[in-house]
Amino acid sequence: MKKWVVLFRKEWLEMSRNYKIIWVPLVFILFGLLQPVTNYYMPDILKNASDLPEGTIIEIPLPSSGEVLAQTLGQFNQMGVLVLVLAFMGIVSAERKSGMIKAILVKPVAYSSYITAKWLSAILLSAASIALGMVASWYYTGLLIDPYPFINLVKGTGLYLGWIVFLLTFTVFLSSRLNSSGLVAVCALLVSILLSLSTSLLGKWMEWSPAQLTTAASSFLVDGRVEGPLFLPLVITGVLVVIFLFLSTTNWQRK
Amino acid sequence: MKIVEVKSLSKNFTHHMAVKDLSFTIEEGRCVALLGPNGAGKTTTLEMLAGLQKPTKGTISFLNAKKGDYREQIGYLSQHPVFYPWMNAEEFLLFIGELSGLSKAEAMKRTDELLEIVGIAHSKKRRIGGYSGGMKQRLGIAQAMIHEPKLLMLDEPVSALDPVGRREVLEMMKLLKKKMTILFSTHILHDAEEICDDVIMIHDGNLAVSGSLPELRRKYQEDVIKISAEENLEEWAKTIATWEVVSKVEYRDGSVEVFVKDVAAARSPLLAEIKAKQIPVTSFTVGHTTLEDLFMKVVGK
Amino acid sequence: MGLAEVNWALVSPLIGIQVILIIIALIDLSKSERTNGPKWMWVLISLFVSIIGPILYFTIGKRHD
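Residue numbers (my numbering), protein chains in the order written: chain A, 1 to 255; chain B, 1 to 301; chain C, 1 to 65.
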């Protein structure tokens with residue numbers, strides 16, 4: 001346990017040395033703020049962009065604050081996931097490639113500690129960034145559109161984080177098995193896109209899918225209640241996270 | 001006392017066998033060289049000893065503890081040591097010290113000591129990314145011995161260094177061998193002869209020869225008389241090869257090497273022969289084969 | 001929409017974050033020895049590609065070894 005803490009501390013020191021600890025949250029806050037601002041100024045932006053004759057009135061109904069927050073979540077699910085996967089693709093594979101992993105495992109350290117310390121730091125930084133981004137979005141939405149109940153924001157974001165934890169665990173798993181960080185990113189993004197697509201297209205067959213959690217989070221932010229399956233995807237997500245985390249911590253001496 | 005006993009260790013990769021049925025023991029307090037040409041299986045052997053690779057077959061027992069994790073007892077430096085380039089030397093040693101099971105206070109104490117011992121205390125606050133090869137090697141040795149291991153294993157510790165760095169590291173190893181058992185691999189016999197007590201020669205994953213240096217010298221050493229002359233000695237060399245006292249004659253680079261069983265018995269007849277045949281000798285040297293010759297023989301076969 | 005109509009109190013945090021990201025990217029660029037692709041290119045991208053320039057540098061341009 002003491003060694004786990006040493007490894008965990010090292011991850012945070014590294015993330016502060018390479019500024020991940022600053023730029024990842026800032027990116028989410030930026031996108032979080034941009035969404036309500038864009039919604040608010042949309043009529044003006046459209047008016048400026050299109051060469052409409054003087055006096056044309058553009059009527060775009062302002063979306064509800066819940067809808068704005070759901071859109072923020074949608075933004076996070078594209079740009080955000082991309083950023084997180086790229087930020088953590090090399091979390092294990094880069095150290096394997098450089099040989100650092102051997103320098104550590106030759107010390108009396110359990111491989112599972114090595115992996116889980118990395119896994120948890122990636123998840124904590126990502127979750128904190130997403131939470132900060134959502135709070136930023138919530139604050140501006142309240143200023144520009146309508147105040148929104150904070151407790152619903154917390155619940156909706158929490159649901160969404162289930163999907164993120166799944167994706168990050170899968171990324172760590174890939175990183176522990178593949179030597180190329182680029183390949184890790186491609187595979188992780190592919191799985192993320194395929195799961196999201198199939199879940200929205202084949203809803204009936206994909207009720208178990210972790211991607212249901214993003215749908216659930218969106219509908220909760222808009223309506224205050226979850227449309228569609230919730231319990232099953234939550235359980236499946238939990239099981240998948242445990243499985244992939246377990247697989248990441250085994251069998252590193254492959255040769 | 002035996003510190004490590006390796007029994008019929010083998011390692012198969014998909015396309016070749018890196019190590020074949022290798023057995024040896026290491027006695028506590030000795031400095032042992034694992035000697036062999038490149039590709040002989042030295043790194044694979046060391047990595048198996050360090051627990052970084054699983055043997056396909058065979059056993060490694062450490063201090064008679066048949067199974068279990070003995071990583072706390074060993075220090076290991078890989079051939080191309082790597083570090084976190086964004087850390088400084090002090091941070092890195094503290095990190096590795098705590099990973100090795102030291103308390104924070106112990107790790108700090110050892111870090112300070114080792115930075116002095118390996119002579120990089122003056123740059124302990126500099127990013128490792130900016131270190132020279134020699135400094136990295138010294139930091140590598142420091143991280144390997146931070147927890148005062150019983151056995152220190154170094155993979156080709158000097159081969160990547162320039163002459164100055166090489167000398168520094170060799171001198172450091174001479175000091176270290178007074179305190180702990182050292183096993184290091186090298187493809188340079190000279191380094192092995194300079195600092196180690198025992199040699200394990202491997203070739204193509206097989207054990208070729210092993211033993212203490214004096215023992216090997218005694219066992220494999222032959223007396224040799226080297227004769228050069230102003231004329232070609234090749235024909236003459238063939239005539240003396242039949243002598244009772246001569247075991248082998250080799251003609252190389254214009255001189256004759258006469259391997260003899262007994263120098264005293266061979267010297268006079270040879271000199272007499274030279275005088276009788278009026279051979280214009282330019283040099284007549286009595287000596288013996290070196291480990292280099294043994295090494296070349298092992299590698300050559 | 002004229003400049004006067006822009007609610008600066010609203011927009012300035014966005015600009016502030018953008019500036020911080022650019023500064024961090026430039027600091028990191030000045031410290032790192034190698035990047036994926038030429039360094040000057042990443043300096044230009046970080047400075048002039050609006051919003052995502054520095055993000056592109058951190059995710060793609062920076063070497064993580």
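It is possible that some hints are incorrect.
As the list claims (entries may be wrong) - Quick list of simulated restraints, FRET-style, between CB atoms:
(1) 30(C) - 206(B): 23 to 33 Å
(2) 82(A) - 101(B): 52 to 62 Å
(3) 38(A) - 109(B): 31 to 41 Å
(4) 61(A) - 10(C): 18 to 28 Å
(5) 228(A) - 11(C): 45 to 55 Å
(6) 202(A) - 126(B): 53 to 63 Å
(7) 30(C) - 228(A): 27 to 37 Å
To be clear, the hints were calculated from the coordinates, so they are not data collected in a lab. Since this is a predicted model, take the numbers as computed values, not measurements. By construction, the Cβ of each residue, glycine as well, lies at the ideal position given by its N, Cα and C atoms.
Evaluated hints:
The hinted range of 23 to 33 Å is not satisfied by residue 30(C) and residue 206(B), whose Cβ atoms lie roughly 53 Å apart. The hinted range of 52 to 62 Å is not satisfied by residue 82(A) and residue 101(B), whose Cβ atoms lie roughly 40 Å apart. Distance hint for residue 38(A) and residue 109(B): a CB-CB separation of about 57 Å, inconsistent with the stated range 31 to 41 Å. The hint said 18 to 28 Å for the Cβ distance between residue 61(A) and residue 10(C), and at roughly 21 Å that hint holds.
Separation of residue 228(A) from residue 11(C) is about 37 Å and departs from the stated range, judged on CB atoms against 45 to 55 Å. Between residue 202(A) and residue 126(B) the C-beta distance comes to about 57 Å, which sits within the given range of 53 to 63 Å. Distance hint check for residue 30(C) and residue 228(A): the Cβ-Cβ separation is about 50 Å, which falls outside the suggested range of 27 to 37 Å.
Consistency note: the structure conflicts with the earlier hints numbered 1, 2, 3, 5 and 7.
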